[in-house]
Amino acid sequence: MPQVSRRAVLQSAPFLLATLVRCSNAVAGRARVAEAFIVDPSWNAYRPVLRGVIAAVLPFDAPGFPPITLDDVEQRLLKLFPIENEIRFAGLQRTIAFFDEISLFPLMSGPLLQEEITVRDLAARGGDSARIGAEITATDNAAFTAFATNVKPDARFRDLSTAAQRTYLELWRDSASIVKREFFGSLRNLVMITTWSMDATWPSIGYAGPLIPRTAIGS
Amino acid sequence: MTRLACDVLIIGSGAAGGVLAATLAEQTKKKIIVVEKGGWFGGESFDQREWDMRVLYAEDGRRTTADGAMAVRGGECVGGGTTVNYALCFNPIESVWDGWRRDVGLTGFSFDEHANDYGVTGLNIPSALQEVRTRINVHRAEDDEINDNNRALERGCTALGIPSKHFELNMRGCVRSGFCGEGCSYGAKQGTLVTYMEDAIAHGVQLIHHCDVERIVFEKKNGAMSAVAVNGRVRRTRVGSHPNSVPVGRIEIEAKLIIVAAGAVATPALLQRSHHPDPHRRIGRGLVTHPSLPVIGIMDHAISNYRGIPGTVYSDAYASSHRIYFETLFGQPVYGSVVIPGIGPEHFDVLRELPRLIGFGAMLLDEVDDNNRVEWNEADGKPRIHYQLSDGDRVRLRFAAQRAMEVMFAAGARSVLLPSSERVGPLPRPRFTTAAEAAYCSDLRFEPHRTTLTSAHAQATTKMGEDERRTTTNSRGESRAIRNLVICDSSSFPTSCGANPMLSIMTMARYQGRRIAAELARYDL
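Going down the list, the protein sequences come from chains A and B.
Be aware that the first sequence starts at 65, since it is given in the numbering used here, and climbs by one per residue.
Be aware that the second sequence starts at 47, since it is given in the numbering used here, and climbs by one per residue.
These are computed hints drawn from the structure, not numbers from a lab.
Where a beta carbon is used, it is the ideal one built from N, C-alpha and C, also for glycine.
Mixed in with the good hints there might be a few duds.
Claimed, not checked - Estimated spans, in silico, between C-beta atoms of each pair:
id	chain 1	residue 1	chain 2	residue 2	range
1	B	Ala-485	A	Glu-199	21 to 31 Å
2	A	Gly-191	B	Pro-401	37 to 47 Å
3	B	Arg-460	A	Ala-194	44 to 54 Å
4	A	Gly-282	B	Arg-319	27 to 37 Å
5	A	Ala-202	B	Ala-482	30 to 40 Å
6	A	Gly-191	B	Arg-327	14 to 24 Å
Stated by the list, open to error - Computed footprint of chain B on chain A; a stretch qualifies when at least three of its residues, placed anywhere within it, have a C-beta under 8 Å from a C-beta of chain B:
id	segment
7	122-131
8	184-193
9	237-250
10	257-270
Unchecked claim - Some chain A residues judged to face chain B by a derived CB distance under 7 Å, without partners named:
id	residue
11	Ser-167
12	Leu-168
13	Arg-230
14	Asn-253
15	Pro-274
16	Ile-276
17	Arg-278
18	Ala-280
19	Ile-281
20	Gly-282
Full structure from sequences and hints, please.
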């Protein structure tokens, strides 16, 4: 992965939450996180996280679930969204590494708060950014404290059980921070789009599919 | 570098650009070029797969508001939105245009069929509308075209005493495949791709697709700043598209008249990056989007939903009182999987019910708020769409959600859910099993990334009218600051046009095309 400028990242990956790239600065002092952000994470560093997300979003063991495997979904996801090869996904790569460090979940300061302010358009619409930051921190801290009673303090997402991974994802979904909720939604939708655009999944949901063959446009 | 020159350059080939191109080509002998950002994909390319057909949409279907919370769908291909929409037609609403006369001093656009606006024989809205309706074959959906999902909305409304109607559709020979949103593989949807753009090309118009217009060049000419050319870049033609009429690379096109018809997101962004004067900070501001709340019901038995014409039944019973429409629509599995909330078994348990799902949308005619805006962002290399619901719009959406839930149960749904993770009443999420629970919708806040809203009708970002402080163009669509620059698309509307906008845009474009053809000297043509 080549070094890329922040401008290039922001130019290329807003949908995939390049925004959280900015929060890397806020946490770079912590050793493990510094490793994750200052040095580009290798493929091996985020792959287990991505696999955990896929396993949490899709109930592979549910009755009637399509005959596809985690490997099938992972391979297709990386084909549709070439996270490791294309510069536009550099932001997502880093964010996944951040996401893995579960103790960082309640963090809401510095550049991350700045991003929240931007997303809420406070400069144009007004609003007390300090108060909003404090409210988000209080809410997310409380939610995290409840979650953390059942996991080791330095646990990583990749090491959690699937059930705990789902609960952790739901922490992000229910966060008081719009930016964090957006990241949950982006990850979830990457997996959904990847999975349910596979022809092999359609019979399991009673979908008969298109009426004409695939054309060159899909090649 | 490709250098071209023409009399009239039209930027955009959708509901506005396509109609303008054909009208001007038919009624003048001028050299006309149309540039389109997207590709020129024909029906034979449309393969009914959602992922493949993302090429027809702006930002590959991932264009959202700046907070990422609401999709702002728009066609980006030859035909624009008319290639990917659901062919839903509403005539221009006279009371809305009358409101624009009062509020921003709009002139012209007479609804009197005997009027001769601007001294042009027969130029008025009814005549322009009739011409468009005929060309795109607008007709009311017949009884035998209503699938079970649309019947459900009709049945639910009837049970509650809410009037419902059949949509008018611009189709010819529809085979009822259900794949409107993926582009019509059968050429049945009468968008500008298969109507006005074909007419334009038959009359000698040059089409340049895969073309990014970077800026409009303004120069002082005869003492006034005038639009004289555009600079841009032609991208590589993608697989499945017709070949282009110019080579890949830089392009400059000189024109005597430039008409911007790029839609309510791209048009203001182009003006902003061209440094169009904006003394009252109007360009891009006051965006409306028609946010829509999808509502999902689960029936006891399988029905036809993703097959058949997706949208044939709607209700405008609350359009006047609450600015809400109920409109039946149904998507394919990728859309469905994204709209259905949750993860894990909770999500799959709903998705696997696909053959038993009913769905429609509660569409809001949102208020104008100047903070809702499109801003060209140089760093992103694309526009940012800042959008938040007003408090009044939230109140109306709550009402709509509750009423929609009740309609679902009256239609026979055994449970009903919203695409939301918001806590309502005693429930962790808005998933209801009795109609009485619909009252919990009063707790909904429609917060970003908690409740999914979608939109596809961006409008009102480069408003027209005679009030100089509130509009960017006059009623002819002419820029006040730059000569020989006309803006004509959904961005021209001062507010929401009051319904799904395609036919209002096409009628306005037909009207403006006829007017320009009769007033060529005004543009040094």
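Hints, verified against the model:
{"no.": "1", "hint": "B:Ala-485 x A:Glu-199: 21 to 31 Å", "verdict": "holds (28 Å)"}
{"no.": "2", "hint": "A:Gly-191 x B:Pro-401: 37 to 47 Å", "verdict": "holds (46 Å)"}
{"no.": "3", "hint": "B:Arg-460 x A:Ala-194: 44 to 54 Å", "verdict": "holds (48 Å)"}
{"no.": "4", "hint": "A:Gly-282 x B:Arg-319: 27 to 37 Å", "verdict": "holds (33 Å)"}
{"no.": "5", "hint": "A:Ala-202 x B:Ala-482: 30 to 40 Å", "verdict": "holds (35 Å)"}
{"no.": "6", "hint": "A:Gly-191 x B:Arg-327: 14 to 24 Å", "verdict": "holds (21 Å)"}
{"no.": "7", "hint": "122-131", "verdict": "holds (count 5)"}
{"no.": "8", "hint": "184-193", "verdict": "holds (count 4)"}
{"no.": "9", "hint": "237-250", "verdict": "holds (count 8)"}
{"no.": "10", "hint": "257-270", "verdict": "holds (count 9)"}
{"no.": "11", "hint": "Ser-167", "verdict": "violated (22 Å)"}
{"no.": "12", "hint": "Leu-168", "verdict": "violated (19 Å)"}
{"no.": "13", "hint": "Arg-230", "verdict": "holds (5 Å)"}
{"no.": "14", "hint": "Asn-253", "verdict": "holds (5 Å)"}
{"no.": "15", "hint": "Pro-274", "verdict": "holds (3 Å)"}
{"no.": "16", "hint": "Ile-276", "verdict": "holds (6 Å)"}
{"no.": "17", "hint": "Arg-278", "verdict": "holds (5 Å)"}
{"no.": "18", "hint": "Ala-280", "verdict": "holds (5 Å)"}
{"no.": "19", "hint": "Ile-281", "verdict": "holds (3 Å)"}
{"no.": "20", "hint": "Gly-282", "verdict": "holds (4 Å)"}
Taken one by one, the earlier hints fail for this structure at numbers 11 and 12, listed in ascending order.
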